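K.L.:
Given the coordinates of chain A, work out where chain B should sit on it, guided by the hints.
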Amino acid sequence: MSTKSQQSQTNRGRIRIEGFDAEAVEKRDPLSAWQPELETKEAKSRTYYAWRRFKRNRLALFGAVIVTAMVLLTVFARPWGLPEWIPYLGGATVQPFSLAAQDPATQDILVGYQPPTVEHLLNWPPSTLHIFGTDWAGRDLFARTIYGGRYSLSIGFIAVGVALLVGVPLGSIAGYYGGYVDEFIMRIVDMLYAFPFIVLAIAVITILGRGYWEIVLALIVVGWLSYARIIRGEILSVKQNEYVTAAKALGARDRSIIIKHIMPNAMAPVIVQATLSVGTVVLTAAALGFLGLGLSPATAEWGVMLNVEQDSMARGNWWAGLFPGLALFFFVMAINLIGDGVRDAFDPQGDKKGSGGFR
Amino acid sequence: MSDSEPLVRAEGLKKYYESETDFIDRLLGRRSWVKAVDGVSLEIQEGETLGLVGESGCGKSSVGRTLLQLQEATEGSVYYRGTDITELSSSELRDLRQDVQLIFQNPQSSLNPRLTISDIIGEALDIHDIVDDKQRRDKKIKELLDRVGLNASHANRYPHEFSGGQLQRIGIARALAVEPDFIVCDEPVSALDVSVQAQILNLLEDLQNEFGISYLFIAHDLSVVEHIADRIAVMYLGKIVEVGTPEELFSPPQHPYTEALLSAIPEPDPKWEPDRILLEGTVPSPIDPPSGCSFHTRCPRVIPPKDFAFEQTEWRSLLDLRLRIVDRELSLDKIAADSDSQGMDAALRDLFNIPQPLSDPQAEDILSEALSHLEEHDFEAAEEILSEAFVSPCSVHEPELQQIEHGRAACHLYDSRYDDGSIEPEVRP
Numbered sequence: 000m001s002t003k004s005q006q007s008q009t010n011r012g013r014i015r016i017e018g019f020d021a022e023a024v025e026k027r028d029p030l031s032a033w034q035p036e037l038e039t040k041e042a043k044s045r046t047y048y049a050w051r052r053f054k055r056n057r058l059a060l061f062g063a064v065i066v067t068a069m070v071l072l073t074v075f076a077r078p079w080g081l082p083e084w085i086p087y088l089g090g091a092t093v094q095p096f097s098l099a100a101q102d103p104a105t106q107d108i109l110v111g112y113q114p115p116t117v118e119h120l121l122n123w124p125p126s127t128l129h130i131f132g133t134d135w136a137g138r139d140l141f142a143r144t145i146y147g148g149r150y151s152l153s154i155g156f157i158a159v160g161v162a163l164l165v166g167v168p169l170g171s172i173a174g175y176y177g178g179y180v181d182e183f184i185m186r187i188v189d190m191l192y193a194f195p196f197i198v199l200a201i202a203v204i205t206i207l208g209r210g211y212w213e214i215v216l217a218l219i220v221v222g223w224l225s226y227a228r229i230i231r232g233e234i235l236s237v238k239q240n241e242y243v244t245a246a247k248a249l250g251a252r253d254r255s256i257i258i259k260h261i262m263p264n265a266m267a268p269v270i271v272q273a274t275l276s277v278g279t280v281v282l283t284a285a286a287l288g289f290l291g292l293g294l295s296p297a298t299a300e301w302g303v304m305l306n307v308e309q310d311s312m313a314r315g316n317w318w319a320g321l322f323p324g325l326a327l328f329f330f331v332m333a334i335n336l337i338g339d340g341v342r343d344a345f346d347p348q349g350d351k352k353g354s355g356g357f358r
Numbered sequence: 000m001s002d003s004e005p006l007v008r009a010e011g012l013k014k015y016y017e018s019e020t021d022f023i024d025r026l027l028g029r030r031s032w033v034k035a036v037d038g039v040s041l042e043i044q045e046g047e048t049l050g051l052v053g054e055s056g057c058g059k060s061s062v063g064r065t066l067l068q069l070q071e072a073t074e075g076s077v078y079y080r081g082t083d084i085t086e087l088s089s090s091e092l093r094d095l096r097q098d099v100q101l102i103f104q105n106p107q108s109s110l111n112p113r114l115t116i117s118d119i120i121g122e123a124l125d126i127h128d129i130v131d132d133k134q135r136r137d138k139k140i141k142e143l144l145d146r147v148g149l150n151a152s153h154a155n156r157y158p159h160e161f162s163g164g165q166l167q168r169i170g171i172a173r174a175l176a177v178e179p180d181f182i183v184c185d186e187p188v189s190a191l192d193v194s195v196q197a198q199i200l201n202l203l204e205d206l207q208n209e210f211g212i213s214y215l216f217i218a219h220d221l222s223v224v225e226h227i228a229d230r231i232a233v234m235y236l237g238k239i240v241e242v243g244t245p246e247e248l249f250s251p252p253q254h255p256y257t258e259a260l261l262s263a264i265p266e267p268d269p270k271w272e273p274d275r276i277l278l279e280g281t282v283p284s285p286i287d288p289p290s291g292c293s294f295h296t297r298c299p300r301v302i303p304p305k306d307f308a309f310e311q312t313e314w315r316s317l318l319d320l321r322l323r324i325v326d327r328e329l330s331l332d333k334i335a336a337d338s339d340s341q342g343m344d345a346a347l348r349d350l351f352n353i354p355q356p357l358s359d360p361q362a363e364d365i366l367s368e369a370l371s372h373l374e375e376h377d378f379e380a381a382e383e384i385l386s387e388a389f390v391s392p393c394s395v396h397e398p399e400l401q402q403i404e405h406g407r408a409a410c411h412l413y414d415s416r417y418d419d420g421s422i423e424p425e426v427r428p
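Chains as they are written, first to last, in numbering that gives the first Met the number 0: chain A, 0 to 358; chain B, 0 to 428.
No lab work stands behind these hints: they were computed from the structure.
This one's a predicted model, so the numbers in the text were calculated from it and none came from an experiment.
There's no promise every hint is true.
[Stated by the list, open to error] If you want the ones that stay clear, here's a sample from chain B, every Cβ over 12 Å from chain A, calculated:
1) Ser18
2) Val130
3) Arg135
4) Leu277
5) Leu278
6) Met343
7) Phe351
8) Gln355
9) Pro356
10) Glu375
11) His376
12) Ala380
13) Ser386
14) Glu399
15) Gln402
[To be verified] So, partial list: chain B residues that the calculated Cβ filter (under 10 Å) puts toward chain A:
16) Asn105
17) Gln107
18) Ser109
19) His127
20) Asp185
21) Lys333
Cβ atoms here follow ideal geometry from the backbone N, Cα and C, with glycine treated the same way.
Here chain A stands alone, though its shape is the one from the complex:
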């Protein structure tokens, strides 16, 4: 190598860092008058901000109002007593109010299918007041509709809640640890996925017999699969993020990494799926009833009521199917609105404050 090229070699690559005067950049006047809007002194929790965003979402609030109203209606529909087997307190009334004047099971076969008319609204005494009309057996539809929420809503919430408790941990473990644990859990999920859901649910009920808790269990068995799958996929992508590595580098335990860093970033699709399936679970419970595998046809459950009255709409007795149907519709819609609202609320980047389409 010649001396000349050696000369040039020694000066190669010597970028003079003085060119970028870092201090000048730090100390120069701000380029714009922008000041942060939020100068809070105390640390506010994540849930605080989420709740604020949720409150701003009118549609979600509307959904929440509907669901709350329905829950209150079902709770106060008829008096609520404790079961007899509880010692000392058995049979005691916990909730004495009764919004429905009649018992939802009281029959009056001779006057079946009374239409809901203003005439009836003004009837006195209120024992014959049927503002939603009556069904084929002369049972008051208003009482049955608001009382029926007890079955539908509780099946929906309990089955989804327990399915979440089963599916989310299993899916998280599969996604986070991978390897053989993942193989094992996901192959079970695949195996159960191979059955059509309703067939699987029927199989479970055939084994266990009919009844409220049997339905709930059947719905859990088919319900946890989708949560496990969704959360696993989400975790597979979230755990690639460097903040997970950072937490590991800080020495965080696996449990706290999953709960603090991975779950919050992976839960959104599961929350949406769960709220959506509260509706589907209620409908599936009704379908089971129609097949004779759910609650008995006399039960005031919305799905069962719809199935029993499925012909009456065609015969002109529209109210018999309309009110339980509307109740189902509003419930499922409201639940979906809430689900979307919750998802947006937990996503801080969705906080656009109406400024432009892009972030």
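P.N.:
Leaving out everything else, chain B in the frame of chain A:
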């Protein structure tokens, strides 16, 4: 080297990743390994910055993560203050995390978007119980933010409300929270624009002066590393090819790869006439790295074989031809179609810039014979002839880091044993 134990020392560190295989392959035991880190030894003294450079995919980040035991090493050991941390139990490792930390390349993805800044920094404090009561925790978080040049009143914001440079400062504050002695900076400024780069580099230097932290500074930008590092290690395909202080590294003699890297640094001078050394071909696959010196497939200064008198460019072209033949990556039909009647021999010489005839008559004979085999699409015969005749020590012996005039390099060019291109017979395959 001083006889005092360095802060961090790696010995023969290897990290192999299993490449994508499906279930059947695994059952049949057909596995292939990506040799991301293939025998790296390095040491970092207290308060020292070691720069680690190399092109993307050469295993820089894997070295960093294996040093921190975020990934298990396939082979080799890492010593921190004399203890082998590859042997530690998980609870001992957790204690170690107080002393060694990591700063990431991408500040956006290294901070959890759903936690506020105070939560992010506070997590580090909580894990190691550094502060016990809430007020002192808040105070400490504010101190840390102040220290890295951020407004402490922003502690309750979310990461998306900050700019890239600010986010990187937060990442640094998080690493500082546990008061570490050693930080691996994994390309901490690559995602930032130049003025912000300088700020972050200065901040890292200030912190080093103040707290005596040692850095392993990973980067692909030599000018950045030169600014901050006390010593620089250059990596190629999972191995360190040259180590030295910036002065040593930037002055010849150098490893040919370093030379090529340095020549790629642009000069802020409009009259600058680039004399870039362009490397031929692409980085070989780390699944099956080349034999001998892994750089010999692209090296512009491969040692010519002993028995022939080659020009350097001639020999390089010939080697390229041979490598393509070995890989069977020559579509002879296409070459024949493009060559418009000048014959396969001439067309191949054209393609690889091989002169006709070669300066060495003996070599010319061998080459012509190989080319004539190629004409008959007989790759095996051509390969055999070329591989038999032209053997460079570079493709046979794996070089080891050795003292050269300035610094240490892993290259046979600086090994007197290979001066004449000879290969010791007992190690010849």
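K.L.:
Evaluate each hint against the coordinates.
P.N.:
Verification of the supplied hints:
The beta carbon of serine 18 of chain B is kept farther than 12 Å from every beta carbon of chain A, the shortest such distance being approximately 16 Å. Every beta carbon of chain A lies more than 12 Å from that of valine 130 of chain B, the smallest distance being close to 14 Å; the non-interface claim holds. Against chain A, the non-interface label of arginine 135 of chain B holds: every CB pair exceeds 12 Å, the least being about 14 Å. Look at leucine 277 of chain B: its CB is around 15 Å from the nearest CB on chain A, clear of 12 Å, so calling it non-interface holds up.
Against the 12 Å criterion, leucine 278 of chain B stays outside the reach of chain A, whose nearest CB is about 16 Å from its own CB. No Cβ of chain A approaches the Cβ of methionine 343 of chain B within 12 Å, the least distance being about 37 Å, so the stated non-interface status holds. With a least beta-carbon separation of about 25 Å from chain A, phenylalanine 351 of chain B lies farther than 12 Å from that chain, consistent with its non-interface assignment. With a cut of 12 Å on Cβ distances, glutamine 355 of chain B stays outside the contact zone with chain A, its closest approach being about 29 Å.
Distance to chain A confirms proline 356 of chain B as a non-interface residue, since its nearest Cβ pair spans about 28 Å, more than 12 Å. Chain A leaves glutamate 375 of chain B outside its interface by the beta-carbon criterion, the shortest separation being 43 Å against a cut-off of 12 Å. Against chain A, the non-interface label of histidine 376 of chain B holds: every CB pair exceeds 12 Å, the least being about 42 Å. No Cβ of chain A approaches the Cβ of alanine 380 of chain B within 12 Å, the least distance being about 39 Å, so the stated non-interface status holds.
Its beta-carbon lying about 30 Å from the closest one in chain A, serine 386 of chain B satisfies the requirement of being farther than 12 Å from that chain. Every CB of chain A lies more than 12 Å from the CB of glutamate 399 of chain B, the least distance being 23 Å, so the non-interface label holds. Residue-level check passed: glutamine 402 of chain B sits 19 Å from the nearest beta carbon of chain A, beyond 12 Å. With its C-beta approaching chain A no nearer than about 6 Å, asparagine 105 of chain B sits inside the 10 Å limit, and its interface hint holds.
Taking 10 Å as the C-beta contact cut-off toward chain A, the hint placing glutamine 107 of chain B at the interface holds, the least distance being around 9 Å. The criterion of a C-beta within 10 Å of any C-beta in chain A is met by serine 109 of chain B, whose closest approach is roughly 4 Å, and the hint holds. The beta carbon of histidine 127 of chain B is positioned within 10 Å of a beta carbon in chain A (closest approach about 7 Å), and the interface hint is therefore held. Against a cut-off of 10 Å between C-beta atoms, the interface hint on aspartate 185 of chain B holds, since the closest Cβ of chain A lies about 9 Å away.
For lysine 333 of chain B, the shortest C-beta to C-beta distance to chain A is roughly 39 Å, which exceeds 10 Å, and the interface hint is violated.
Going down the numbered hints, you'll see the structure goes against just number 21.
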